[in-house]
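Enquirer: Spelled out from the first residue to the last, the chains are:
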Amino acid sequence: MKQSLFEIIENRPLTDSVMLMRLKGDTSDITGPGQFVNIKLDGLFLRRPISVCDCQGDVLTLIYKVVGKGTEVMKNMTCGKLDILTGLGNGYDMTKCGNSVLVIGGGVGVPPMYMLARLLREEGKKVTAILGFNTKAEIFYEEEFKALGCETLVATADGSYGTKGFVTDAMKDLSYDYFYTCGPEPMLKAVYNATPVSGQFSFEERMGCGFGACMGCSCKTLYGNKRICKEGPVLEKEEIIWEK
Amino acid sequence: MGKVNTKVDLLGIELDNPIIPASGTFGYGYEFAELYDINILGTFSFKGTTKDPRFGNPTPRIAECPAGMINAVGLQNPGVEKVVEEELPRLAKCFNKKVMANVGGFSVDEYVYTAKKLDACDQVGWLEINISCPNVHGGGVNFGSYPDSAAEIIAAVKKEVKKPVIAKLSPNVTDIVAIAKAVEAAGADGISLINTLLGMRINLNTRKPIIANKMGGFSGSAILPVAVRMVYQVANAVSIPVIGMGGVTTAEDVLELMMAGATAVEVGAANLIDPYASRDIVLDLPRVMEKYRINDINEIIGGCK
Chain A
1 MKQSLFEIIE NRPLTDSVML MRLKGDTSDI TGPGQFVNIK LDGLFLRRPI
51 SVCDCQGDVL TLIYKVVGKG TEVMKNMTCG KLDILTGLGN GYDMTKCGNS
101 VLVIGGGVGV PPMYMLARLL REEGKKVTAI LGFNTKAEIF YEEEFKALGC
151 ETLVATADGS YGTKGFVTDA MKDLSYDYFY TCGPEPMLKA VYNATPVSGQ
201 FSFEERMGCG FGACMGCSCK TLYGNKRICK EGPVLEKEEI IWEK
Chain B
245 MGKVNTKVDL LGIELDNPII PASGTFGYGY EFAELYDINI LGTFSFKGTT
295 KDPRFGNPTP RIAECPAGMI NAVGLQNPGV EKVVEEELPR LAKCFNKKVM
345 ANVGGFSVDE YVYTAKKLDA CDQVGWLEIN ISCPNVHGGG VNFGSYPDSA
395 AEIIAAVKKE VKKPVIAKLS PNVTDIVAIA KAVEAAGADG ISLINTLLGM
445 RINLNTRKPI IANKMGGFSG SAILPVAVRM VYQVANAVSI PVIGMGGVTT
495 AEDVLELMMA GATAVEVGAA NLIDPYASRD IVLDLPRVME KYRINDINEI
545 IGGCK
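For the protein sequence lines, the chains are A and B, in the order given.
Numbers 1 to 244, taken from this note's numbering, label the letters of the first sequence in order.
Numbers 245 to 549, taken from this note's numbering, label the letters of the second sequence in order.
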């Protein structure tokens, strides 16, 4: 973990409610895909945890949905510096997948799949990306995944684009060795039940600190209690206990 | 700079400075030792430890407030055996001072059992008995809510241990002075306060409480004035040392609680927002002391006119 100041170099809308922010700073503690950063914002007590969409050189890319006070503050920033904790969380383990990999993102669960897909492609893996959204107007990053050389399938709940239904409808007839996923918990659970193949899931929980001190985001797993912010947010399929 | 005296005596053990990260915001210390040398601290109070391992409350456990937060973690901890066998040896590798052991429980016997186990550890300097966690015992009723039950726990623990016993008090009571006097009479060597204030937040969209446990403990800079008031009231009513805490974010806050009567000061929620908060307060303390023309920090304890 590292605390440092990042300079905002870009902050623009991707859809009506989803924004892309690029920042420049010390990214040396971001060690792999699936980690998150925790951002201090003026006037708000708690930091805001946001998943890392991509990190290349000293440029950090975040994609966030404007859903509350914190993301509203972020949305209105055009320049300046942000106090950010980087290198948080235990991300995706890329050593466990075979050669044909499925990455499944739903809504703002799509961004962390991007860096993962990019790195998997750089390792020469065959990557199929399934991106799930509610409706056509909410779709973002389809072209970016295609540009990585991923076969990219989009599912919309209302059928306004791509496969009508959920990500699980789009993954029905595919064959793959392993999968990685991030999205709302009902989607994660549906993916869990939809395939016999092994994979890794990234979870979300309300956090106090984001670095393992407060025990605010604990969950039970078959391998014992884990903190979503520290041992997570990525858990392996074999250890998950669905509680909610 | 560097000429001022920040050393204080806390129940027979000298602290290099009065800064103590509070229980529940500093784990068992070693997590923070990855970030800085935690020997810079006066000491710290480790995560509230109970007889048996506890997962704690369901999530969500955290809600935000203006200038603060609410938590309902519910004393998640690995249980005292694991703390003694695993956590303390791990801490010994990065912390060479005495640590404050924070003890939780659900019955007199449990408090005594856990306190005795920790009393036997060389690393432990003090036993801070948490009779005030708002997140267990079904919504705020706890031993610390009444003078008699508070005194019962402290007397029972005190009888079985050798190390100084500090009673950690809840602010969620009608008369904090009555509780403070009761634990002093029961043999407490010191008092720490305030634990968190019982609070609640509601999600306007779902119309449900944000926290799964509905209520939780409110902490953060917003509660500093409550802490100053209660430390002042208690320090003026008892003759044992008082450790002040509640909303401390800066070295100025430390001086304020000490003027109110605190011998040492715990830093809580600030550690969760800025992992370096306690270290930075230690580093800033001499500068702020010079600003207010304080040569020896002991001269301001209870110095509020």
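If you're looking for bench data, these hints aren't it; they were derived computationally from the structure.
Be careful, since some hints might not be right.
Unchecked claim - Cross-link-like lysine-lysine pairs, in silico, DSS-like; alpha carbons within 30 Å at most: (1) 360/B / 226/A; (2) 251/B / 341/B; (3) 65/A / 361/B; (4) 251/B / 226/A; (5) 342/B / 361/B; (6) 75/A / 361/B; (7) 40/A / 69/A.
Enquirer: Against which earlier hints does the structure fall short, listed by number upward?
Expert: 3, 4, 6
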